[in-house]
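*Asks:* Going by mature numbering (1 follows the signal peptide of the UniProt record, and there is no 0), the letters in the sequence shown line up with residues -16 to -1, 1 to 287, in that order.
Hints were generated in silico from the structure; no laboratory data involved. Some clues are possibly wrong.
[Unchecked claim] Straight-line C-alpha distance at most 30 Å; calculated DSSO-like pairs for lysine-lysine:
1) K34 <-> K96
2) K128 <-> K34
3) K254 <-> K128
4) K105 <-> K166
5) K109 <-> K34
6) K168 <-> K105
7) K34 <-> K91
8) K128 <-> K96
9) K105 <-> K129
10) K249 <-> K168
11) K34 <-> K181
12) K109 <-> K129
13) K254 <-> K181
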Amino acid sequence: MKVVLAVAALVAVAGAASVSHEELEFRAWKLQHGETYESQRKMTWLNNRKLVSQGLKSYRLGMNIFADMDDQEYQAMFASCLRSFNRTKTHPAASFHRQADAASLPKAVNWKDKGYVTPVKDQLKCGSCWAFSATGALEGQIFKKTGKLVSLSEQQLVDCSWVEGNNGCEGGTVEMALEYVKDKGLQTEESYPYTEKEGKCRFNKEKVYATSVATEGPISADIDVSRITFRLYDSGVYDDPFCSSSSLNHAVLVVGYDVTVNGQKYWLVKNSWGVAWGEKGYIKMARNKNMCGIASNAVYPVV
């Protein structure tokens, strides 16, 4: 029996020794990237490895997540984004309104190191590169203006900007995405997370307003004040389900938001009826219910 075991051990050692370095590397790569197939893409992987092994002068190649894809598969994966670029020919190109003398420019610029850029995201198998590019530009501008780095929702653009001409995971343009944001606003990534697929638009305008109030400042809003409960308001969080969200007849100023000790979210609203009304001229209005149409028509100036 010992002889048989010894022979078996020798065979196992010989088998392990016969495995090539490429095979061991391929197995390690599959484990790292969660692939389970045995030979389906192995030839493609080996061909790409040869290219990586050649090396180049100014940059390096590596066996990354695309190492088992051939050219056709890779091009198909991003075809929707590429088609969207072709459509931009029908739209006027964006112009850069500032010009500077090249001699006055710094030798190097890195906005990432200055805190303007959110962590790297992953569009996965959805042709939504246009959405990620648009949110990245907006995130940088918000940081430039406020010093606050807010990760914005690509998924909202994928789901909701069809009227502007975008096609979700089948492609779109940054210009049309920004046009949508200009009219509708954009939620944070946390409140409207990425799903890698098109879905029903779940846009919550009040969550966008929260971002705007936090980053831009006070916001003008039109509301319905016809209810007697509003007229006689004294204190607390105003919450009347019969207050209209469409028949708007009064303009106010949203100056902030908060949560009560009981967990009730509210907008802090400045009225123009003097300090004898409400809480010294202010009213707390229930948040995330479009109470009295507070989210139906709100704007802020850009100066």
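*Asks:* Now look at each hint and say whether the structure bears it out.
*Replies:* Now the hints, each set against the structure:
| no. | hint | in the structure |
| --- | --- | --- |
| 1 | K34 <-> K96 | violated, 33 Å |
| 2 | K128 <-> K34 | violated, 44 Å |
| 3 | K254 <-> K128 | holds, 28 Å |
| 4 | K105 <-> K166 | holds, 23 Å |
| 5 | K109 <-> K34 | holds, 26 Å |
| 6 | K168 <-> K105 | holds, 23 Å |
| 7 | K34 <-> K91 | violated, 37 Å |
| 8 | K128 <-> K96 | holds, 12 Å |
| 9 | K105 <-> K129 | holds, 23 Å |
| 10 | K249 <-> K168 | holds, 22 Å |
| 11 | K34 <-> K181 | violated, 34 Å |
| 12 | K109 <-> K129 | violated, 33 Å |
| 13 | K254 <-> K181 | violated, 41 Å |
When each numbered hint is compared with the structure, violations occur for hints 1, 2, 7, 11, 12, 13.
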